[in-house]
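K.L.:
Given next are the chains, with one letter for each unit.
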Amino acid sequence: MRSRKGLSTVVGMVFALIALAISVGYITYSMNILDQYNQVVIAKSQQTIDNGKENFQLYTSTIKNNKFNVTVINTGNLPINITRMWVQNYSVSDSVNYYTINTLVSPGATMINIGQNIPLTVNPASNGYYNIKLTTTRGNSLQFNMGSPGVKPLFMQLMFLPNKSSVTGLNVTLLYLVTNNSTSNNLLTNIQPQLSSPVCTGTGSLTSLVGPVPAQYPTLPSGSTAIFKWNYVFGGAATNKCYITASLKNGIASNFAYDTISLP
Amino acid sequence: MQTQRGLSTVVATALMLSAVAVLGTTLVLWSTSNLRVYETSLATTSSSNTNRINEFLVIENVGFCKANGNCLKGHNYINITLANYGNIGLNVTQIKLNDSRYVYTFTNVPISPGKEYSWKNSTNYPWSSGKPQKIFITTGRGSIFTTQVTAP
Chain Z
1 MRSRKGLSTV VGMVFALIAL AISVGYITYS MNILDQYNQV VIAKSQQTID
51 NGKENFQLYT STIKNNKFNV TVINTGNLPI NITRMWVQNY SVSDSVNYYT
101 INTLVSPGAT MINIGQNIPL TVNPASNGYY NIKLTTTRGN SLQFNMGSPG
151 VKPLFMQLMF LPNKSSVTGL NVTLLYLVTN NSTSNNLLTN IQPQLSSPVC
201 TGTGSLTSLV GPVPAQYPTL PSGSTAIFKW NYVFGGAATN KCYITASLKN
251 GIASNFAYDT ISLP
Chain D
1001 MQTQRGLSTV VATALMLSAV AVLGTTLVLW STSNLRVYET SLATTSSSNT
1051 NRINEFLVIE NVGFCKANGN CLKGHNYINI TLANYGNIGL NVTQIKLNDS
1101 RYVYTFTNVP ISPGKEYSWK NSTNYPWSSG KPQKIFITTG RGSIFTTQVT
1151 AP
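Residue numbers (the numbering used here), protein chains in the order written: chain Z, 1 to 264; chain D, 1001 to 1152.
No wet-lab data here; the hints were simulated from the structure.
Relax, there's no trap hidden among the hints.
In silico lysine-lysine, DSBU-like type, Cα no more than 35 Å apart, as pairs:
#, chain 1, residue 1, chain 2, residue 2
1, Z, K67, D, K1134
2, Z, K133, D, K1131
3, Z, K44, D, K1120
4, D, K1115, Z, K44
5, Z, K53, D, K1096
6, Z, K53, D, K1120
7, D, K1066, Z, K133
8, D, K1131, Z, K152
9, Z, K53, Z, K133
10, D, K1131, Z, K44
11, Z, K164, Z, K229
Chain Z with its partners taken away, still in its complex shape (with noise of 0.2 Å):
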């Protein structure tokens, strides 16, 4: 008899042991899944972070043997991969086209020459205007603008430094002053002055000594300026001035800066 009572409860403790690994693995279970999801949620939060600590800045942009030469610095303090460069040129017809880069650049380095082992090529003489993309792994980009200095009026000054003199062959300095007045990151390129010739009245002279210097400024970035000097010796009688004009080449024609010289 006592046997027999003991059975059914064998039995009935035999099938809970079974419920029992049954909920005990269906929870470790569920736990692992919860652990899986929870690393990915985690390793796409440190993405996010790092996608925000991200951090590269043009260094310059110039044009060399007829391609691009792009230096970036990484300020941030992660190492970055820069892995397309996007060019599209805004002269010819719908030309959007990237070339791969892939490059590392560890904290605090610089990378030159990106650009220049790319098959495109670049006639900085021409009035080409360029937006210009650098891309990373993480999704972030460095973005600029580059060309001639001919597609937007720039501003600009011209000045005789005196504008008047007292004596006839004095030695007086012409300064142009010309300013990158984009708003926007953009990079102009080429950056050479023509003066006109001088158009004086009576027997007045300007002979020219020396300039421009520098005769050119391989790129001029936003808000910079850019500053030419010439030497004359300014020459004539009484009343007689001199007239001159300066402008860029491959700028607009309409955009220009004039000064006058005179004796008194």
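Given chain Z, work out where chain D should sit, using these hints.
P.N.:
Okay, now just chain D, sitting in the frame of chain Z:
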């Protein structure tokens, strides 16, 4: 009398054992079946959410083209390039520009990891210079990637 009493005890014990066995088996089968359903549901939900989180689509470049300028198509359009920087493939199902008037749906635009996909409007899209353009990309898993660009 003693024999008859013993018989009823045996029958009662057998009934008890049968009842315990039937109830126990039912309980175990029911719980196994239910838990299996829950496990499948949990695995599916977790997997789809994990995949959705792992999707990493970047709207890498947006180009603008003007019909009266350098546009080859003869009408204004924008050229969007998407790059998949994630470690799983994805399927682009919709591109929406600014508002619901310009919604473009796709049935099969898969982008493998490390690959990109470029798209242009097949119809006129009247973008204006200097005005910001919002771009919404929806994937097959329901993720929405957005960006805002200003037309040149």
